[in-house]
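Colleague: Input sequences plus hints: build the corresponding full structure.
Number of protein chains: 2
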Amino acid sequence: MEGRAGGAPDAGPAAVVLLSGGVDSATCLAIARARGFRTHALTVHYGQRHACEVEAARRVAAHLGAAAHRTLPVDPGLFGGSALTGAAAVPKGRDPRAMAAAIPATYVPARNTVFLALALAWAESLGTGDIFLGVNAVDYSGYPDCRPEYLDAFERMANLALKAAVEGRLTVRLHAPLLRRTKGEIVRMGAELGVDYGLTWSCYDPDPGGRPCRECDSCRLRAQGFAAAGLRDPLFSGGA
Amino acid sequence: MEGRAGGAPDAGPAAVVLLSGGVDSATCLAIARARGFRTHALTVHYGQRHACEVEAARRVAAHLGAAAHRTLPVDPGLFGGSALTGAAAVPKGRDPRAMAAAIPATYVPARNTVFLALALAWAESLGTGDIFLGVNAVDYSGYPDCRPEYLDAFERMANLALKAAVEGRLTVRLHAPLLRRTKGEIVRMGAELGVDYGLTWSCYDPDPGGRPCRECDSCRLRAQGFAAAGLRDPLFSGGA
Numbered sequence: 050m051e052g053r054a055g056g057a058p059d060a061g062p063a064a065v066v067l068l069s070g071g072v073d074s075a076t077c078l079a080i081a082r083a084r085g086f087r088t089h090a091l092t093v094h095y096g097q098r099h100a101c102e103v104e105a106a107r108r109v110a111a112h113l114g115a116a117a118h119r120t121l122p123v124d125p126g127l128f129g130g131s132a133l134t135g136a137a138a139v140p141k142g143r144d145p146r147a148m149a150a151a152i153p154a155t156y157v158p159a160r161n162t163v164f165l166a167l168a169l170a171w172a173e174s175l176g177t178g179d180i181f182l183g184v185n186a187v188d189y190s191g192y193p194d195c196r197p198e199y200l201d202a203f204e205r206m207a208n209l210a211l212k213a214a215v216e217g218r219l220t221v222r223l224h225a226p227l228l229r230r231t232k233g234e235i236v237r238m239g240a241e242l243g244v245d246y247g248l249t250w251s252c253y254d255p256d257p258g259g260r261p262c263r264e265c266d267s268c269r270l271r272a273q274g275f276a277a278a279g280l281r282d283p284l285f286s287g288g289a
Numbered sequence: 050m051e052g053r054a055g056g057a058p059d060a061g062p063a064a065v066v067l068l069s070g071g072v073d074s075a076t077c078l079a080i081a082r083a084r085g086f087r088t089h090a091l092t093v094h095y096g097q098r099h100a101c102e103v104e105a106a107r108r109v110a111a112h113l114g115a116a117a118h119r120t121l122p123v124d125p126g127l128f129g130g131s132a133l134t135g136a137a138a139v140p141k142g143r144d145p146r147a148m149a150a151a152i153p154a155t156y157v158p159a160r161n162t163v164f165l166a167l168a169l170a171w172a173e174s175l176g177t178g179d180i181f182l183g184v185n186a187v188d189y190s191g192y193p194d195c196r197p198e199y200l201d202a203f204e205r206m207a208n209l210a211l212k213a214a215v216e217g218r219l220t221v222r223l224h225a226p227l228l229r230r231t232k233g234e235i236v237r238m239g240a241e242l243g244v245d246y247g248l249t250w251s252c253y254d255p256d257p258g259g260r261p262c263r264e265c266d267s268c269r270l271r272a273q274g275f276a277a278a279g280l281r282d283p284l285f286s287g288g289a
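Residue numbers (the numbering used here), protein chains in the order written: chain L, 50 to 289; chain U, 50 to 289.
These are calculated hints, taken from the structure and not from any lab test. Glycine included, every Cβ here is placed at the ideal spot set by N, Cα and C. A few of these clues could be false.
Claimed, not checked - Across the chosen pairs, the derived CB separations fall in these ranges:
#1 Gly247(U) to His94(L): 37 to 45 Å
#2 Gly85(U) to Gly126(L): 21 to 29 Å
#3 Pro62(U) to Glu198(L): 22 to 30 Å
#4 Thr120(L) to Gly85(U): 39 to 47 Å
#5 Asp124(U) to Arg222(L): 18 to 26 Å
#6 Gly247(U) to Thr220(L): 25 to 33 Å
#7 Gly258(U) to Gly258(L): 54 to 62 Å
#8 Gly247(L) to Glu104(U): 47 to 55 Å
#9 Asp124(U) to Arg108(L): 18 to 26 Å
#10 Asp124(U) to Arg218(L): 17 to 25 Å
#11 Gly247(L) to Cys101(U): 47 to 55 Å
#12 Glu241(L) to Pro257(U): 53 to 61 Å
#13 Leu280(L) to Asp124(U): 46 to 54 Å
#14 Gly85(U) to Arg263(L): 45 to 53 Å
Modeller: Here it is as structure tokens:
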């Protein structure tokens, strides 16, 4: 709980925060805390080959004072052939500005729908409709389930699905505070909120020694973000 | 694979069918087969206390010639306090006509959204957008996520979520062939398609000997369905 941004972990209304352990979701968790929510972080382990993400999520949840952190395994066979679950090669060396031109091999079928559905179940059982997720439609990797029209449609569906919503006891609200932010703005926002990015993990394809490849889309976006923010990435500089 | 309704298991386009192991989902699987789909049955085990459902699903998938059957565990803690996961009492002795008047304690937070999200991931990885589910809005238990407006909203969201949908390679279609059928019609349809209801399971709260309680909503709806269809329930009569 040390070094956390925001208030005491038990204060405020509850919110569920999707937490992958990367830069965006860590920043999103810090924002939810700063907005006064008692955060319940949810990490889904779906056999992604960058499993160090799950470890990073645990560290980040503790660092940012989440009231609870749940890691859920989901059978990776369900998601079939994505580069992130080992069935295809992770693209390397692409220009971040070109990434959004096509949906890449790292797309995972229905990933955000599965994540949000699980978050929704937990949220209703906690008595809240507030769900935060760190999706981004600017410096994003071209995934359709990161677009604002997708989020609007999910929210609408969710308000028809839940007993508590139908009975007027809550309203499902998807909070995507990073949706229209550049990676540079995201890194700057998180740094201001005290996020230690040295605890986060971004690489899709670490080397055998467990170091980031620095060539996959995610590594390149991260590097671009720190450069644009004028900050050094503590993952490489050794500092926080 | 013996005694199945429909064609050969490997024929036709693929569809994912949500299969709980009860009367409705078994009938729905038989309908999907009869419509020429190569069925991929999906059973989610979320810690429901009627775990005999999961065993029933396995038997039904084999009986009805599903090309594949996947059972997925999902952490029951996520769903909090539902009578189906053990946190509250299962209501008994209610009149089926009164069940739809209020959402009962057997409601499970976001259950169909979680089930459909998982089905959606599997469907896209199989290259299909066809998903069958046995929900019913006539003799139903008053669940909001069994209503047509919910299904429409899910379908709309799903067509914005999937890469294959956005790229025009498939369209997500939720097939709910039982939506406007009475329980009696459902039993009659299934019987005509050769469904052996002696393999299915409905009870929310079996006795210690593993026998149906015959008093929970699900048992009473089942009994009402067989009575209306003018058929004997093979679960009690010992025959098929």
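Colleague: Compare the structure with each hint and give your call.
Modeller: Hints, one by one, checked against the model:
1. Gly247(U) to His94(L): 37 to 45 Å: 39 Å, holds
2. Gly85(U) to Gly126(L): 21 to 29 Å: The hinted range 21 to 29 Å holds for Gly85(U) and Gly126(L), with Cβ atoms some 25 Å apart.
3. Pro62(U) to Glu198(L): 22 to 30 Å: Given a distance of about 28 Å, which is inside 22 to 30 Å, the answer is holds.
4. Thr120(L) to Gly85(U): 39 to 47 Å: 41 Å, holds
5. Asp124(U) to Arg222(L): 18 to 26 Å: 24 Å, holds
6. Gly247(U) to Thr220(L): 25 to 33 Å: 45 Å, violated
7. Gly258(U) to Gly258(L): 54 to 62 Å: 58 Å, holds
8. Gly247(L) to Glu104(U): 47 to 55 Å: Hint holds: Cβ distance 49 Å, inside 47 to 55 Å.
9. Asp124(U) to Arg108(L): 18 to 26 Å: 21 Å, holds
10. Asp124(U) to Arg218(L): 17 to 25 Å: 24 Å, holds
11. Gly247(L) to Cys101(U): 47 to 55 Å: Because 50 Å falls inside the window, the suggested range holds.
12. Glu241(L) to Pro257(U): 53 to 61 Å: 59 Å, holds
13. Leu280(L) to Asp124(U): 46 to 54 Å: 37 Å, violated
14. Gly85(U) to Arg263(L): 45 to 53 Å: 50 Å, holds
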